[in-house]
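Visitor: Sequence:
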Amino acid sequence: MPGDLTLTLLIDNSTSMQLFDTSFVPGLKAELEKKIPVKVSYISTPMESDIGDGVLNNLEKDKNILLVSDGQATSGTRMIDVMLLRSEP
1 MPGDLTLTLL
11 IDNSTSMQLF
21 DTSFVPGLKA
31 ELEKKIPVKV
41 SYISTPMESD
51 IGDGVLNNLE
61 KDKNILLVSD
71 GQATSGTRMI
81 DVMLLRSEP
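Going by the numbering used here, 9 is the number at position 9 of the sequence shown; the sequence numbering is gapless.
What the hints contain is simulated information worked out from the structure, not anything from laboratory work.
Watch out, some of these pointers could steer you wrong.
With a straight-line cut-off of 30 Å between C-alpha atoms, the simulated DSS-like cross-links for lysine-lysine are [stated by the list, open to error]:
1) Lys-35 with Lys-61
2) Lys-61 with Lys-39
3) Lys-63 with Lys-35
4) Lys-63 with Lys-39
5) Lys-61 with Lys-34
6) Lys-63 with Lys-34
7) Lys-29 with Lys-63
8) Lys-29 with Lys-39
9) Lys-61 with Lys-29
Whenever a hint applies, use it, and build me the whole structure from the sequences.
Guide: Encoded structure:
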């Protein structure tokens with residue numbers, strides 16, 4: 001079976017995200033749950049935006065992730081390295 005019909009919604013919890021309106025997230029989760037099971041996980045901390053590490057920690061074979069983030073990483077693994085690592089066979 002190619003992939004699992006579940007979704008992990010990763011939400012960036014860093015201070016820089018306060019600049020953005022994330023009020024859509026609960027509604028997005030509710031709409032997605034009408035179709036597939038959704039798990040929510042928060043990554044990063046207010047003072048440390050380690051988005052790449054948060055994604056790496058939640059990656060699993062044949063699982064799906066949706067990342068809600070401003071993309072501003074201040075520490076940890078770079079997202080390009082996450083993508084390169086996961087694209088290897």
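Visitor: It remains to establish, for every hint, whether it holds in the given structure.
Guide: Hint check results:
1. Pair hint Lys-35 plus Lys-61 holds up; C-alpha atoms about 21 Å apart against a cutoff of 30 Å.
2. A distance of roughly 16 Å separates the Cα atoms of Lys-61 and Lys-39; the hinted pair therefore holds under the 30 Å criterion.
3. Taking the CA atoms of Lys-63 and Lys-35, the gap is near 15 Å; set against the 30 Å cutoff, the hint holds.
4. A threshold of 30 Å between alpha carbons decides the hint, and for Lys-63 with Lys-39 the separation of about 11 Å falls inside it, so the pair holds.
5. About 23 Å separates the Cα atoms of Lys-61 and Lys-34, which keeps this hinted pair within 30 Å; it holds.
6. Between Lys-63 and Lys-34, the direct Cα distance comes to roughly 18 Å. Compliance with the 30 Å bound is thereby established for this hinted pair.
7. Among the hinted pairs, Lys-29 with Lys-63 is consistent with the structure: their alpha-carbon atoms are about 17 Å apart, no more than 30 Å.
8. Straight-line distance between C-alpha atoms of Lys-29 and Lys-39 comes to about 9 Å, which keeps the hinted pair within the 30 Å bound.
9. Of the pairs offered as hints, the one joining Lys-61 and Lys-29 holds, with about 22 Å between alpha carbons and a cut-off of 30 Å not exceeded.
The structure agrees with every numbered hint stated previously.
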